Each structure stands twice: as C-alpha cells, then as structure tokens.
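Engineer: Spelled out, the chains give:
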Amino acid sequence: MQVEKFYYDNRSVKNFAFATVIWGVIGMLAGLYAALQLVFPSLNFIQYGSFGRLRPLHTNAVIFAFVGNGIFMGVYYSLQRLCKARMFSDTLSKIHFWGWQLIIVAAAITLPLGITAGKEYAELEWPIDIAITLMWVVFGWNMFGTILKRREKHLYVAIWFYIATFVTVAVLHITNSMALPVTLFKSYSLYAGVQDALVQWWYGHNAVAFFLTTPYLGLMYYFMPKAANRPVYSYKLSIIHFWSLIFLYIWAGPHHLLYTALPNWAQSLGVVFSVMLIFPSWGGMINGLLTLRGAWDKVRDDVILKFMVVAVTAYGMATFEGPLLSLKSISAISHYTDWIVAHVHVGALGWNGMLTFGILYWLIPRIFNTTLYSKKLANNHFWLGTLGIVFYAVPMYWAGFQQSSMWKQFTEAGQLKYTFLETVTYMKPFYAMRSLGGTLYLLGTLFMVYNLYKTAKAGKLVANEAAEAAPLEKAYVSHKGEHWHRWIERKPVQLMVVSLIVILIGGAIEMIPTFMIKSNVPTISSVKPYTPLELQGRDLYVREGCYTCHSQMIRPFRSETERYGEYSKAGEFVYDHPFQWGSKRTGPDLAREGTGNLKKTNGWHFRHFREPSSMSEGSIMPPYAFMLKDNLDTSTTIAKINAMRTLGVPYEKGFEKVANADLMAQANEIADNLKTDSIRVSPNKEVIALIAYIQRMGKDISTQPTNR
Amino acid sequence: MYKFIKQYTETMDYAAIYPMISLFIFFLFFIVLLVLVKKMDKKRVIELSNIPLDTDETITSNN
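Top to bottom, those sequences are chains G and C. Straight run, no breaks: the first sequence in this note's numbering ends on number 708. Straight run, no breaks: the second sequence in this note's numbering ends on number 63.
Okay, chain C solo, but in the shape it has when bound (with noise of 0.2 Å):
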C-alpha cells in the first residue's frame, strides 16, 4: 500500500513523509485514547454514567 500512495504522491514535495505522518497520527491516537480510559478514576465513572438517571422524573406543570 505504501508503494501505491508514494507512486501518486511523487509530484509533491516531500511526498513520502505523508503516509508516515499518516500513520503516526493513527497509533499515537489511539495509544493517549486508550491508556488515558483506562487511568479513569472508577467512582468518577460511576457518577457520570448516573447523570441521566438522577433527574427528577416527578411532572409537574405551572399551566
């Protein structure tokens, strides 16, 4: 695949760091995604995931 992206890429200066750069994004992503999930504080979590249920579900109108 690298061949093919660098064969079209060959009218543009510096072409062959654009897949890299690609790529690098990619991982890098996905790398801080995953080890920042996974270092959240538990409780915290537990809270958040609370938030649409601790509404008051009571109606009540001022009509």
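Okay, chain G solo, but in the shape it has when bound (with noise of 0.2 Å):
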C-alpha cells in the first residue's frame, strides 16, 4: 500500500506547553501567597487579593490553567502520533489555544474583582462558563476530527481516556453551570440548597476524576511507556481500569458530604462506591509503576522516570486516601479540616504537578530538536519539588488531625475545652511550615523554567514534524467471531456514546430521587425567604468568597451542636441560590451566626469586619474596612427579587417595587442601632447588608430568644 507523508503539529504543543509553565507558576504563586496570608493577614491589605477571593483564583488557575494546558499539550502531542495524523484542523488548534488563554485571562480579572458564582471549581461567572463551553467543543471537535481521519486502525488505551474526559467534562460543567443571569456578571444557581449542594460535589469530585485524573491517565499511558520504553504492563488490566473507572467515579460525589443535611441514602451510596473507587484507581496505578518492570535501574538516571515514578505514586497515595476519607467516621474527623487541603495537594503536586514536570522534560527537547539543557538542574528540581510536597503535606496532616481533636474535646465539666479561636491560632506555625513546602515546590518549579528556557533556546522548533504512514482501508471487513473490544477500539463516536452512557448511569441514580421525591426535603414552614437587604448582603458574601474558610453546615455532632447550635435541616437551605455550605473551617461554623449563643451586636460585627483583631485577639480572617466606605449597589435589588422569583422563592406578585422600600428601612433600623453602640454609619453602606445577612442566619428554626 502506498504510504503517505505527513507532518505532526508541534507549534500547539509548545504553546500548550509554554502556557501550562507560565500559568503553572502564577497558579503557585498565588497559593503561596494565600497561604502567606493565614500566617501574615496583613497581607490581606487590599480587597482584590483577600484571601477570599485569591483562593478561587489559586484553584481556578491551578485546575484549569496549569493542568488545563498540560491536558492539551499531552493529548495534543500524543494523539497525533497515536492517530499517525495531524490535528484536524490548524484553525481549531489556534481557536481552542487562545480561546483557553482568554478564558484563564478572565478568570485572573473576574475572581480578583469578586465577580463569582459562589461554588467551588465553578465560580467562574455565566458568560465565561459559556465560552468554555464553547472551547471544549472546539477542543472536542478538533480531537474528533483528528480521530476519524487517523491512519491507526485501533485506538489505543490513551485516546479512549481522552474521550471519556471530553464527554463526561461536558456533562459535568453543563449540569452544574446552570445558572439564571441577573445582569452581565451575576448569576444565582438554578438548585438550591440540598439539591445544589449534591450537583456542586457531584460536580466537584467529578471534576477531580475527569480533569485531574482520567485525561493524566491518558497521559500516563502514553508517556510512561514512551518515557521507558516498553509497553505498558498490562492491556487488559488498563481497559478493566477504564471501563471501571469511569463508572465508578461518578457515583462518589457525596462522599463530600457526609453528616450533612444530605438525605442519608445518597450519603450511604456515595460512601460505597468511594471504597470500591480503589480498585479500579490501585489497578491503574499498579499498570503504571509495573510498566517499569525490568527498567527500574533506569529510574535511579532518568529524571524524567523519577517525575513520573513520584507522580504515580502519589496518585496511589491519594486515591488509598480518598477512599478512607469517604468513610463516615473518618470524615468525622477530616472533614472541614486541613488534613483535606494536605489530601488535595498530595493529587495536585503529587500526581499532577510531577506528571506534568516529567512529561515537559520528556517533550520539549523532542519538539526542539535538541537534548535537556541541564539533567543536574533537572534532578535538584526532582528533590525540591519532593521536598516540597513531604513539607506541605506533613504539617497540614498534623494540623488536621490537631484541629479536628481540638474542635471535638470536651471539659471534665461537660463543656468545650477550646474556643474556636484557641484552635486557629494553634495553626499559625503548621500554616508557616505548610508555606515553606510550597515555596521549595514553586523553587523547583523555577528551576524547571530556566532549564526548558535554555533547552528551547538551544534548539529550534520543529514545528512541522515530517511522518509517514499507509492509510486506512476505506471499508474494514470484520471478521467473524472478531473480539468485541476491537469493535469498540475501532469506532471513536461508539465509543464515546457508550462512554457517555456509563458516566450516565451512576449521576442519574444519584440525582433523580433527590430532585424527584419531595420527602427529601422536608419543608419547614417557618423558613421564609431573605428580605431585599439580607438577599444583598447574602450577595457580598458570595462575592468575597467567605465560603473558602467559613461552614454554614452543623453536623449533628455533641461537639458542634453544644459549639454552633442545633444541626442543620435540609429545609433550612430551599431559598439558597447558591447553596454555602463550604468544605472547610478555617474560620467557623456561619449557620446560626444570628441565634442563640452565638449572637453578636450589630456594633461588633460593624467593629469585626473593620478589624477582625481588634474583636477576636489574634484572628487571621482579612478586614473589610472598604465596606464600610463603599455604597450598597441597590440597582440590582429588583432584577435580583425577580430572578429569585422565577427560581421558585415565593416573594409576592409586585414585591420588587417596594423592594428598595424594604431594603432601606431595614438598613436604617441596622444604623440607629449602630448608633447606640456609638457607630455612626450610613445606611446605604455595604457593611450594613452583610451585617443583616449574618444576623439572619439559622433564625428561621431559632426557638431560643434572639437577644442575648
């Protein structure tokens, strides 16, 4: 057969390649940064970057920035030798390039300017969820595309974990993006409460599987072996991993939130296929390391095996976790802690981030055409960025298991041992050893763009890399008594339909009780809906991403209900677009902030948002002294009403016109009372709906007085 010549598209995986670098350290940059700012708060000294809003950014651009990019450099790279074809289209290409650096650009401006959607992985707001929609058909159609005019009958394991990643991040980011636009950059979350809760984790662990983990699988069986090479261990066992995989995943979101005001069977089924979740991760990580099998005296000289060695364990490392974590006594103690942040960073530095240093080592000296500037610099970035994850990880553990025991610990008398505040503070030197990790991370890191600038430098891009290989037979004959898997290895659309209809099975079981049978919810009639002021300032604590550190989710612990109150109902939540339930306390429990106990004046939440210190001695939460200045944007009061309305929330016909009305009053009542605490204040301040917002919480089922 006539063999045909072609060339690779190497010019999109360099600008993958250099952008996954570029952002890679901005994303670290901003961790650490964040992390600087709960042992120095005064580094919280300007509203753009507190910490609240810097830690969206952090992820945001670590998930979808650094990883996003290393995805597209590695498919990229290897899809097109899998396929023995070059990207479909070179247009796509540059569309889908730049349009991702656009979307990461307005994710850096939107998050810092507090423009968010208030749930976590997915804050971006509605017009930039919509065009990275747009980009991931782009994305998916280039691949597809690259696919059907391959020259490779078969498709290899790699490009089957490619797909999965695209259809089931589609599903994903569609189901939970759904949001009903107020103005251009704010949106209120099509679910509330319970049902929002379990899309957003349904949603957030998935977007661990399906970003993080399924598209570097594809990656890792297709670098590892290159990288080795010898093929991978074993074939079977990788279509077992991901045939399993991809249905187990799906099923494990609740897992997130256990004791939770959850219906309890959704908590139970997500705690099952957690636990079983390790067997199909164990098995792809033991194909990966026994890929090395007879090659392990290479991995003591090749750098680049050492990376992927390290990232592969680490995998292993988090998903032996993962599962434990998911059970329901030992999310007891984990939850809300930092021993999660010590779990995430052990998949993210771990496992991604080592991956991905391996792969760039690998690929850019092949795309330039020349050999790696300096192995020695290679290798001492090897043992920082190793360093670094044992000194991040290590601290957070001991933090967590510190943090989680103090909150838990009881008096002989019956009562607390620790105020909350005695437990942040006892964090301060973890959070500083915690930052040390990361900078020997982010060191090494730097160490790595020197050394890929002078390998690039030293060579010359080879941006059109010459290939040959026999076309395709146009029609395949199948043979009889053929393997079903080479049917499916052979038909990519197939494939993906019945990808799709795996991932399908499991987000459907989980979801349609608890959005069909009302019983899930049980209604409390004495939950009323937010007054225009507490909608407001619900808004600016959405905006200020108060979330990242502050619950609004009492477990029906002794512990938390003696500490916070009563334990959270699911009825509480059914006017929460969105839901805030947040996954972590560095700062406490919100849910009954304006009952019981717990109830604060006016005068001192005025005093604490000036300077949290000068109310709680020695609080690292950031101050909000700008609110105080700025004016409450009433502009929006009536859309706001409005679109709550279409959502569901029973204001009545033609409330939005005396909306304002309410909202002022209920703003005047808030500063005569500042005044006698001798605050003098205007009304229209932003302080003074946020103020009514956390005066509000958890007094619709209060049965105690309001006032201390």
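Hint data in this document are derived by calculation from the structure and do not stem from the laboratory. In this text, all values refer to a predicted model and were calculated from it rather than measured experimentally. Misleading hints may appear alongside valid ones.
Stated by the list, open to error - BS3-like cross-link-like pairs, simulated, lysine-lysine; straight-line CA separation at most 30 Å:
1. G:K153 to C:K42
2. G:K653 to G:K675
3. G:K149 to C:K42
4. G:K600 to G:K629
5. C:K42 to G:K298
6. C:K39 to G:K236
7. C:K38 to G:K236
8. G:K460 to G:K376
9. C:K43 to G:K5
10. C:K43 to G:K491
11. G:K457 to G:K376
12. G:K685 to G:K675
13. G:K491 to C:K38
14. C:K43 to G:K236
15. C:K43 to G:K153
16. G:K408 to G:K428
17. G:K236 to C:K42
18. G:K408 to C:K42
19. G:K417 to G:K699
20. G:K328 to G:K417
21. C:K38 to G:K153
22. G:K491 to C:K42
23. G:K5 to G:K153
24. G:K685 to G:K653
25. G:K149 to C:K43
26. G:K685 to G:K699
27. G:K328 to G:K428
28. G:K428 to G:K454
29. C:K39 to G:K153
30. G:K298 to C:K43
What the hints assert, rightly or not - To give a feel for the contact side, a few chain C residues facing chain G, derived at Cβ under 8 Å:
31. I25
32. F30
33. V37
34. V45
35. L48
36. S49
37. N50
38. L53
C-beta: ideal position from N, C-alpha, C; glycine also.
Join the two chains into one complex using the hints; note that each chain is given alone, in its own frame.
Structural biologist: As structure tokens, this is what we get:
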C-alpha cells in the first residue's frame, strides 16, 4: 500500500506547553501568597487580593490553567502520534489555544473583582461558563476530527481516556453551571440548598476525576511507556481500569457531604462507591508502576522516570486515602480540616504536578530537536519538588488531626475545652511550615522554567514534524468471531456514546430521587425568603468568598451542636441559590451566627469587619474596612427579586417594586441600632447589608430568644 | 441500606425496583466486563499495547 507523508503539528504542543509552565508558576504563586496570608493576615491589604478572592483564583489557575493546558499539551502531542495523523485543523487548534488562554485571563480578572458564582471550582460567572463550553466543543471537534482521519485503525487506551474526559467534563460543566443570569456579571444557581449541594459535589468530585485524573491517566498510558521505552504492563488491565474507573467515579460525589443535610441514602451510596474506587485506581497505579518492570535501574539515572514514579506513587497514595476519607467515621474527623487540604495537594502537587514536569522534560527537547539543557538542574528540581510535597503535606496532616481533636474536646465539666479562636491560633506554625513546603515546590518549578528556556533556546522548534504511515483501508471488513472490544476500539463515536451512557448511570441514580422526591427536602414552614437587604448581603458574602473559610452546615455531633447550636436541616436551605455550606473551617461555622449564644450585636460585627483582630485577638480573618466606605449597589435589587421568584422563591407579586423601600427601612434600622453603640454610619453602606445577612443566619428555626 | 433507600423513595411509584435495578446494572457491568476482557486474544493485546512505541522517532523538519 502507498505510504502517505504528513506532518505533526508541534507548534500547538509548544504553545500549550509554554502556557502550562507560565500559568503553573502564576497559580503556585497565588497559592503561596494565600498560604502566607493565613500566617500574616496583614497581607490582606487590598480587597482584590484578600484570601476569599485569592483562593478561588489559586484553585482555578492550578486546575484549569496549569493542569488544563497540561492536558491539551499532552493530548495534542500524543493524539497525533497515536492516530498517525496531524491535528484535524490548524485553525481549530489556534482558536482552542487562544480561546482557552482568554478564558484564563478573564478568570484572572473577574475573580479578584469578586465576580463569582460562589460554587467551589465552578466560580466563574455565566459569560465565561459559556465561553468554556464553546472552547470545549472546539477541543472535542478538533480531537474527533483527528481521530476520524487517523491512519491507525485501533484506538489506544490513552485515547479512550481523552474521549471520556471530553464527554464527561461537558456533562459536568453544563449541569453544574446552570444558572439564571441577573446581570452581566451575576447569576443565581438554578438549584437551591441540598440539590445545589448535590449537583455541586457531583461536579466537584468528578472535576477531580475527569479533569485531574482521567486525562492524566491517558497521558500516563502514553508517556510512561515512551519514557521507559517498553509497553504498558497489562493492556487488559488498562481496559478494566478504564471502564470501571469511569463507571464508579461518577457515583462518589456525596462523600463530600457526609453528616450534612443530604438524605442519608445518598450519603451511603457515595460511601460505597468511594470505597470501591480503590480497585480501579490502584489497578491503574499498579499498571503504571509495573510498566517499569525490568527497567527499575533506569529510574536511578533517568530524571523523567523519577518524576513519573513519584507522580504515580502520589496517585496511589491519594486514591488510597480518598476511599478512607469517605468512610463516615473518618469523615467525621477529617471534614472541614486541613487534612483535606493535605489530601488534595498530594494529588495536585504529586500526581498532576510531577507528571506534568516529567512530560515537559521529555517533550520539550524532542519538539525542539535538542537535548535537555541540564540534567543536574532537573534532578535538583525533582528533589525540591519531592521535598516540597513532604513539607507541605506533613504539617497539614498534623494540623488536620490537631484541629479536629481540639474542636471535639470537652472538659470534665462537659464544656468545650477550646474556643474556636484558640484552635485557629494554634494552627499558625503549621501554616508557616506549609508555606515553606510550597516555597520549595515553587523554587523547583522555577528551576524547570530556566532549564526549559535554555533547552528551547539551544534548539529550534520543529513546527511541522515529518512522518509517514499507510492510510486506513476504506472499508474495514470485520471477520467472524472478532473480539467485541475491537469493534469499540475502532469506533470513536461509539466509544463516546458508550462512555456517556456509563457515566450517566451513576449520575442519574444519584440525582433523580433527590430532585423528584419531595420527602428528600422536608419543608419547614418557618423558613422564609431573605429580605431584600439580606439577599444583597448574602451576595456580598458570596462575592467575598466567605465560603472558602466558613461553613454553614452544622453536623449532628455533640461537639458541633454545643459550639454552634441545633444541627442543620435540609429544609433550611430551600431558598439558597447557591448553597453556601462550604468545605473548610478556617473560621467557625456561621449557620446559626444570628441566634442563641453565637449572636453578637450589630456593633460587634461592624467593628469585626473593620478589623477582625480588634474583636477577636489573634484572628487571621482579612479586614473588610472597604465595605464600611463602599455604597451598596441597590440598582440590582429588582432584578434579583425577580430572578429569585423565577427560581421558585415565593416573593409576593409586585414585591420587587417595594423591595428597595423595604431594603432601606431595614438598613436604617441597623444604622440606628449602631448609633446606640456610638457608631455613625450611613445606612447605604455595604457593611450594613452584610450585617443584616449575618444576623439572619439560623433565625428561621431558632426557638431561643434572639437577644442574648 | 436497602431499608434506607426504600424509606426515602416511598413517594415514588414502584420505588422498590429502583435500588434493585441499580444493583443489577452494577453486577452485570462488571461481570460482562471481566468475562469479555478475559476472552481477549493474546496476540492482539500485545499488538495494541505496542501502538505508542512503533512510531518513528527520527525528527525531521520541513522548515
């Protein structure tokens, strides 16, 4: 057969590789700065960079900019070689690259401005969400175009992982981003309370699964055999790995919501599937590590293999820990603590980071047709990175255990032994050590930047790399008795459809009952919609990213009900678009902040927002003094009330017309009350709305007198 | 666990069949997967696992 000559597109690979490196450094810098803010709260000197806004910037930058570009770099390189074809369209490649970078820039601008949807890892507002959807379609189009014009009949296992990634991320992103736009920069989640929480953590967990894991497993299945120069340990295992991983992962989301107001059966379902996840995860890890069978001597000299071995080992550790963390008894200890922060960083720094670095060191010299500038520097990077992970994770694990046990300790007299503030100040040395770990890791990354820069400079980009392959036979005649999987290995579209069905099973079984069955969210008649001022205040709470440090979900433990009051009920959140349960308690839970023993005066809150440490000595909360000066934007009130009504919040007809009058009346009340505390402030300041919201929390089902 | 599910799905018609279906899908999925993978042709598997390795590594440029 006639052999065809064609060229691989290395320019797109290079672009994505450089973007990976640049955004990686920026994302890590943001993380390091946020970590330092917890040690030195004075670093929160400007509202645009306060912890609550910076933390989403860090997570979004690392997940979608660093790992995102890393995925595209790896996919664009490996897909072309595995398909023996150039990427489908150079134009689509360009649109994809620049479109994705624009989305990242938009995120980097909007998040510091406080433009956020308030759902973790899905903070970006609706116009950017639409842009992400479009760019994802471009990526899929380009990928499927390439697969369809391939010269290799069979789809190697890496490509299945890419296809599953594409289809599942599309489903996750669209389902979770469903929102009703209020203005150009503000929207409300279509779901409320428990349902919003379930959708969010179904998304959140599977963003880990299908953005941070499956594409990287695809990369592992391509680049590890390449780097070790031997085929994957077991191809059969990789088939089982693939199908069972995508089937099981999608059910596990509710393990993020154990002991919350989520229906018990959904929690149990999440636990069972999370425990089972260990099998495919470890199957994949073992498959990766055993690929090096008989080549372990190479690991001693080959820095690329070193990175990959640590990456796969970190994957194994994180996926061993994950199922453990999802057991209810362990979640009772670990949830809301820094243990979880340690866990995700073993995954992010270890698995995603180290694998990305390994691939970069392998790939850059190849597309620049040269050798790596300095192996020694790369070795130093390896040790800095590895030590960085250890110095990051160990203090955070320690902090997590310590935090949890301090929260739960009682004195002999039966009272809580520690105030929340005591547990916070105790954490500071651990946070400082963690920053050291982060610094080492970042330093290693900077070594890599220099090393790759020198490598690229020494070589010349082979923008179009020549290759040859025979075209596919036009009509493939399947022979009798052929294996079933060959059918699917040849047909990318079928593979996509089957993957879609497999992931939809788990998602559907989890969600349909929660949405369909009324008894899942018992109605509480005393729960009323927010007043206009409280609603505006709540939106400020979302804008400032308060949920990054404060939960609004009291679990049914004595240690929590003693500290915070009655445990949270599903029916309390029916008007919360979006839910704000949070996932981390750097500060205390706020679900009952306006009631019982927790209630403080308006004056206390005013002074606390101005300078938290003036009211709680040693507090690491950022100051919000600018909210004492900035006027509340009441031009949006009508649109917000209308939007909420559309979403099912029972505001009376015509209420929007009097909403602002109602808002001002309540604001005047608070401003007057503040006067009794010798605080003179105009009622139209933002802080008034925020105080109104904080004072509202927990009031609906409070049976205690509201004034202490 | 079954009791849990039933209790919450009471208001749905034919609720009892729901967890049964999930269990059935789950077992069927893995049994079929394992059987089919076990039956795969060995030679073919070796061929497939070598796909990433048989690309030509020599780098030439047209620019």
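Engineer: Each hint: holds or not?
Structural biologist: Hints and how they fare:
| no. | hint | result |
| --- | --- | --- |
| 1 | G:K153 to C:K42 | holds (18 Å) |
| 2 | G:K653 to G:K675 | violated (35 Å) |
| 3 | G:K149 to C:K42 | holds (28 Å) |
| 4 | G:K600 to G:K629 | holds (22 Å) |
| 5 | C:K42 to G:K298 | holds (28 Å) |
| 6 | C:K39 to G:K236 | holds (10 Å) |
| 7 | C:K38 to G:K236 | holds (8 Å) |
| 8 | G:K460 to G:K376 | holds (22 Å) |
| 9 | C:K43 to G:K5 | holds (29 Å) |
| 10 | C:K43 to G:K491 | holds (21 Å) |
| 11 | G:K457 to G:K376 | holds (18 Å) |
| 12 | G:K685 to G:K675 | holds (15 Å) |
| 13 | G:K491 to C:K38 | holds (21 Å) |
| 14 | C:K43 to G:K236 | holds (12 Å) |
| 15 | C:K43 to G:K153 | holds (16 Å) |
| 16 | G:K408 to G:K428 | holds (19 Å) |
| 17 | G:K236 to C:K42 | holds (9 Å) |
| 18 | G:K408 to C:K42 | violated (56 Å) |
| 19 | G:K417 to G:K699 | holds (26 Å) |
| 20 | G:K328 to G:K417 | holds (24 Å) |
| 21 | C:K38 to G:K153 | holds (22 Å) |
| 22 | G:K491 to C:K42 | holds (21 Å) |
| 23 | G:K5 to G:K153 | holds (17 Å) |
| 24 | G:K685 to G:K653 | holds (28 Å) |
| 25 | G:K149 to C:K43 | holds (26 Å) |
| 26 | G:K685 to G:K699 | holds (23 Å) |
| 27 | G:K328 to G:K428 | holds (28 Å) |
| 28 | G:K428 to G:K454 | violated (39 Å) |
| 29 | C:K39 to G:K153 | holds (21 Å) |
| 30 | G:K298 to C:K43 | holds (28 Å) |
| 31 | I25 | holds (6 Å) |
| 32 | F30 | holds (7 Å) |
| 33 | V37 | holds (5 Å) |
| 34 | V45 | holds (5 Å) |
| 35 | L48 | holds (5 Å) |
| 36 | S49 | holds (4 Å) |
| 37 | N50 | holds (5 Å) |
| 38 | L53 | holds (6 Å) |
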